[in-house]
Amino acid sequence: MRYLVSVIDDKSNPGSTDRQPAISEFNERLMAEGHWVFAGGLADTGSATVIDNRGEQPVFSDGPFVESKEYLAGVWVWEAPDLDVALKLATEASKICDRKIEVRPFL
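Sequential numbering from 1 applies to the sequence shown in UniProt numbering.
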C-alpha cells in the first residue's frame with residue numbers, strides 16, 4: 001500500500017541545517033528497503049498560487065489555500081505492507097527531520 005507522508009513545519013522552529021545528511025541517509029535506507037517512491041521539499045507558502053475554476057472564470061490567488069501557523073514543508077510517498085510499518089518509519093522520520101509527520105494512505 002502507498003502512503004503520503006507529509007512533513008509539517010511551523011516556522012517557529014527553523015530546524016537545523018545539519019539534518020540534511022541524516023535525512024539523505026534515511027532516504028537511502030528507504031530506497032534499499034523498497035519503501036521509497038518519491039520525496040521532495042516544498043518552497044515557502046508565500047510562493048504558492050491557488051486556482052479556483054469552479055465559477056465562470058478561473059480565479060488566481062497568491063499565497064496558501066489556508067492561513068495557518070503550520071504548513072506542508074515536504075512530502076514522501078512510501079510503499080509499505082501496512083499502516084504499522086508506515087507509522088514506524090514516520091516515527092523515525094519525525095525525529096530525523098525534527099518536524100511533525102502526517103501519514104495518510106492513498107485510496
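Among the clues, some could well be false.
Unchecked claim - Calculated pairs, DSS-like style, for lysine-lysine (alpha carbon to alpha carbon, straight line, at most 25 Å):
1) K69 <-> K95
2) K88 <-> K100
3) K11 <-> K69
4) K100 <-> K11
5) K69 <-> K100
Hints were generated in silico from the structure; no laboratory data involved.
Hint-by-hint comparison with the structure:
1. Our distance criterion of 25 Å between C-alpha atoms is met by K69 and K95, whose separation comes to about 20 Å.
2. The hinted pair formed by K88 and K100 meets the criterion: a straight-line CA distance of about 14 Å does not exceed 25 Å.
3. At most 25 Å may separate the alpha-carbon atoms for a hinted pair to count; K11 and K69 meet this at roughly 7 Å.
4. With a C-alpha separation of about 12 Å, the suggested pairing of K100 with K11 holds against the 25 Å cut-off.
5. A C-alpha spacing of about 13 Å is found between K69 and K100, which places the hinted pair at or below 25 Å, so the restraint holds.
In this structure, every one of the numbered hints holds.
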